[in-house]
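Enquirer: Protein chains in written order, with our numbering: chain A, 211 to 475; chain B, 8 to 297; chain C, 1228 to 1464.
Hints are not guaranteed to be accurate.
Said to hold, decoys possible - Restricting the straight-line Cα-Cα distance to at most 30 Å, the calculated cross-link-like pairs of lysine-lysine (DSSO-like) are:
#1 K1293/C <-> K387/A
#2 K1346/C <-> K387/A
#3 K307/A <-> K387/A
#4 K1293/C <-> K1464/C
#5 K1248/C <-> K1293/C
If you are wondering where the hints come from, they were derived from the structure by calculation, not from laboratory data.
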Amino acid sequence: MSQSVTEVARAGRWGAIGVLVFWCAWEAVAFFTGKDAVLPGPRVVLWEFQHGFFGDRGLEYLGIRHSDYPVNLAWTLGTAAVAWLIGSALGIVAGLKAARRQWLRDVTEPVLFVFGAVPVLVAAPLFLVWFGAGPLSKLLLVAFYCFVVVGVVAQSAALNIPPTAEEYAATLGLDSKARFRAVVLPAAFPPIVAVLRLALATGISLEVSAELLGSRVGIGRLIAVRAQQGNVAAVLALAITVGLVALVLDLVIRAATRPALRWQG
Amino acid sequence: MIEDVGTRRFGVALRTRPRNRALLAGVLAGLVLWQLLSLLVGATTSQGQNVVPPLQQVLTTGITGLSHFYKGGWGPETTLQGAEDSVPLAALAVLQNSLATLVRAWAGYLLAVALGLPIGLAVAAVRPLRQAVSGIAGLLRMLPVLAMSPLFALWFGATTTASIAFVTFGAFWVVLLATANAVNSLPAPLTEYPRTLGLTPLQISIRIVLPAILPALRGALMLAAGTAWACVLASELYGIQSGLGWALNQTLLYTLVDQMVVVAGVFAGLSLASLRLVNCVTGRLTGWSE
Amino acid sequence: MNAFEIRGLTVQYQPGITPLKNLDLDVPNGQFLCVLGPSGQGKSTLLRCLAGLLVPTEGVIRAQGKPVEGPDASRGMVFQQDAIPGWLRVRDNVALGSRSTDEQVAHFIRAVGLEGREKDWPRQLSGGMRKRVAIAAVFANDPDILLMDEPFSSLDHLTRTGLHETVLQLWEETGKTIVFVTHDVDEAITLADRIVIVGRGGVRADVPVTFPRPRGENLRMDVDANLLRAALLESLK
Chain A
211 MSQSVTEVAR AGRWGAIGVL VFWCAWEAVA FFTGKDAVLP GPRVVLWEFQ
261 HGFFGDRGLE YLGIRHSDYP VNLAWTLGTA AVAWLIGSAL GIVAGLKAAR
311 RQWLRDVTEP VLFVFGAVPV LVAAPLFLVW FGAGPLSKLL LVAFYCFVVV
361 GVVAQSAALN IPPTAEEYAA TLGLDSKARF RAVVLPAAFP PIVAVLRLAL
411 ATGISLEVSA ELLGSRVGIG RLIAVRAQQG NVAAVLALAI TVGLVALVLD
461 LVIRAATRPA LRWQG
Chain B
8 MIEDVGTRRF GVALRTRPRN RALLAGVLAG LVLWQLLSLL VGATTSQGQN
58 VVPPLQQVLT TGITGLSHFY KGGWGPETTL QGAEDSVPLA ALAVLQNSLA
108 TLVRAWAGYL LAVALGLPIG LAVAAVRPLR QAVSGIAGLL RMLPVLAMSP
158 LFALWFGATT TASIAFVTFG AFWVVLLATA NAVNSLPAPL TEYPRTLGLT
208 PLQISIRIVL PAILPALRGA LMLAAGTAWA CVLASELYGI QSGLGWALNQ
258 TLLYTLVDQM VVVAGVFAGL SLASLRLVNC VTGRLTGWSE
Chain C
1228 MNAFEIRGLT VQYQPGITPL KNLDLDVPNG QFLCVLGPSG QGKSTLLRCL
1278 AGLLVPTEGV IRAQGKPVEG PDASRGMVFQ QDAIPGWLRV RDNVALGSRS
1328 TDEQVAHFIR AVGLEGREKD WPRQLSGGMR KRVAIAAVFA NDPDILLMDE
1378 PFSSLDHLTR TGLHETVLQL WEETGKTIVF VTHDVDEAIT LADRIVIVGR
1428 GGVRADVPVT FPRPRGENLR MDVDANLLRA ALLESLK
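So that you can see chain A by itself, here it is in the shape it has in the complex (with noise of 0.2 Å):
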């Protein structure tokens, strides 16, 4: 016990050290190339991130409303997050009873297999002229995302539990409603955690790229505006800080989840 303990410190200890490796090489790479505006380090970035924080001027006669971070975070992440709640929910459901289920797998099978190769980035113009470029288009495209990844996963986590383990439920005369709550969800559980992190990352990433293509709010909109003005530094500090907040709302899912892995060891 007190073996990994020590061992998760001096990972975490070696972790902070890369990050920290990581920051000085950008900034002597950025000091030697010498032009902020190819390559702006650390500090410009955070220079621009504070002056960007509480909105430009600039933009505003772009004809951006808001142009601080906090409401265009607000308004990314929190429909990213209302997607991947309603996508992963959804996700989960439909995979694990399509790995019980023939009629239901002949009918998630197509969506899975053609958009679990596929990205679904390619889909973001029709949602866009179907849906608007309000919110709601980009809900939709991302809660799909979600559905799509977590469900293969799940599917493929309720096809691989041992047979045996739902044998030995049905033999202590567990019903197969019983058999789904004691065996199938609780086996299935870590992949599902696993993929439900990785949706949330790359759902974010999706929804922000799909404000780039059309949006009148949001971090993808500033970033599209910010690109289109050559700040290369004003879109690293939009791009880091949405990452930063994603790596809390992780934290924030590895936390809750915890309890429920510890069987792993």
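Start from chain A and add chains B and C according to the hints.
Expert: The following block gives chains B and C in isolation, referenced to the frame of chain A:
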């Protein structure tokens, strides 16, 4: 495989299977639904034909309209030079832009694997280094990668190089992390045994470790290929002036849904085929483990 | 009444693969029956049919007079593989069955010697102790009949001997019918009231075993036991 008749009838630990029939039926059902939807939307709204074009429109103007994505240089005149929309010209347009996209996706993907595998093997050999790299990757993983494609257009211009660099950037971390983790979870005797046979560390890396981690790496290689295709699409959607992603962006700009559907279909087909290919090749390479 | 009445049991997976063919067998209540046979000759198939996990192609199985129609709590099974769920602590694992009561659970945890380990996860236990969890869970569920499918084949000799003692103790205490599948002749002689050899689809030998209990190591010196062992080994060939 022996079919467990009883298991099926009693419904204990039942396992479903993918069925090609269902796949085909699903695609047909999708087409029928689309047609019904287009009839419904067409009947209830004035712009319905443009929002959900009926299949006959997708298969006619949706295809010939693609002619203006042909940029010339391959013999026939372009639409800008006065050529009429036609099926052959549309085929040329699709071919030209598909090639551009294919080259970018595959070059970026192969580059990511070529860099990620050896660096992953090297990183895995030194534990502090592996932990340090995991720390960095843990942060980078959370960045909205797809939305960072404009950066590469700023750095490399709106060129194929920018697209390839972006695809490599997206897929590299997946391969690197998976390689390092796979090596880390190999059982110790696997490398101790060849060491007792007198193999050098480099020989062990190439002849023992690399094949041993391939089964565990297979999923990551597929994930990286999927990431590569998402990245190439993102980079072409914003900024680059050729490729299927560019064509898709143009159809969005002018709301040409019939052409949009055809371009999206071609892109989907190519990425699906590419992932099947990766699946097939990695399956061959790891055949010994199944 | 018999615990099992098996008539004309036939299982055919596909043409040419027929592990059981027209098998008849009666198992009286309270008996400790060992089913012996070479690997891949239908022992496990027979047990899966008795449990209700497998529907026979032909034939009838009656348990306590009622036809078997799917698995239920009246016939508990201990599997060859590790089948206990890893996400339930020892106590919750033993209490998994639909008929188990708190009293029974506590009693059988004590009876298999897992007292003090109630809060452990299965991964913290040895292979033998995980088998003890499975055995306690089945007994705590109070089935009429216990089915055991080579439960100890993956364990070392000492661990197995300890588990034999536990199973015999519980059998004598509860008086339940046990059908125990094994390919190990010594294990069968140590445990059984009666040994049935299954091979080529049917019952090839049916031998009562009457050595006084407890049997243990002294059977190794016994002339009759050695004769029986030789005869069983001969008919297994």
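Enquirer: Now look at each hint and say whether the structure bears it out.
Expert: Hint-by-hint comparison with the structure:
A C-alpha spacing of about 24 Å is found between K1293/C and K387/A, which places the hinted pair at or below 30 Å, so the restraint holds. For the given pair, K1346/C sits about 26 Å from K387/A by alpha-carbon distance, which is consistent with the 30 Å threshold. For the hint linking K307/A to K387/A, the alpha-carbon distance of about 11 Å falls within 30 Å, and the restraint holds. Distance check on the hinted pair: K1293/C and K1464/C sit about 36 Å apart at the alpha-carbon level, beyond 30 Å; violated.
Taking the CA atoms of K1248/C and K1293/C, the gap is near 22 Å; set against the 30 Å cutoff, the hint holds.
In summary, the one numbered hint that this structure violates is 4.
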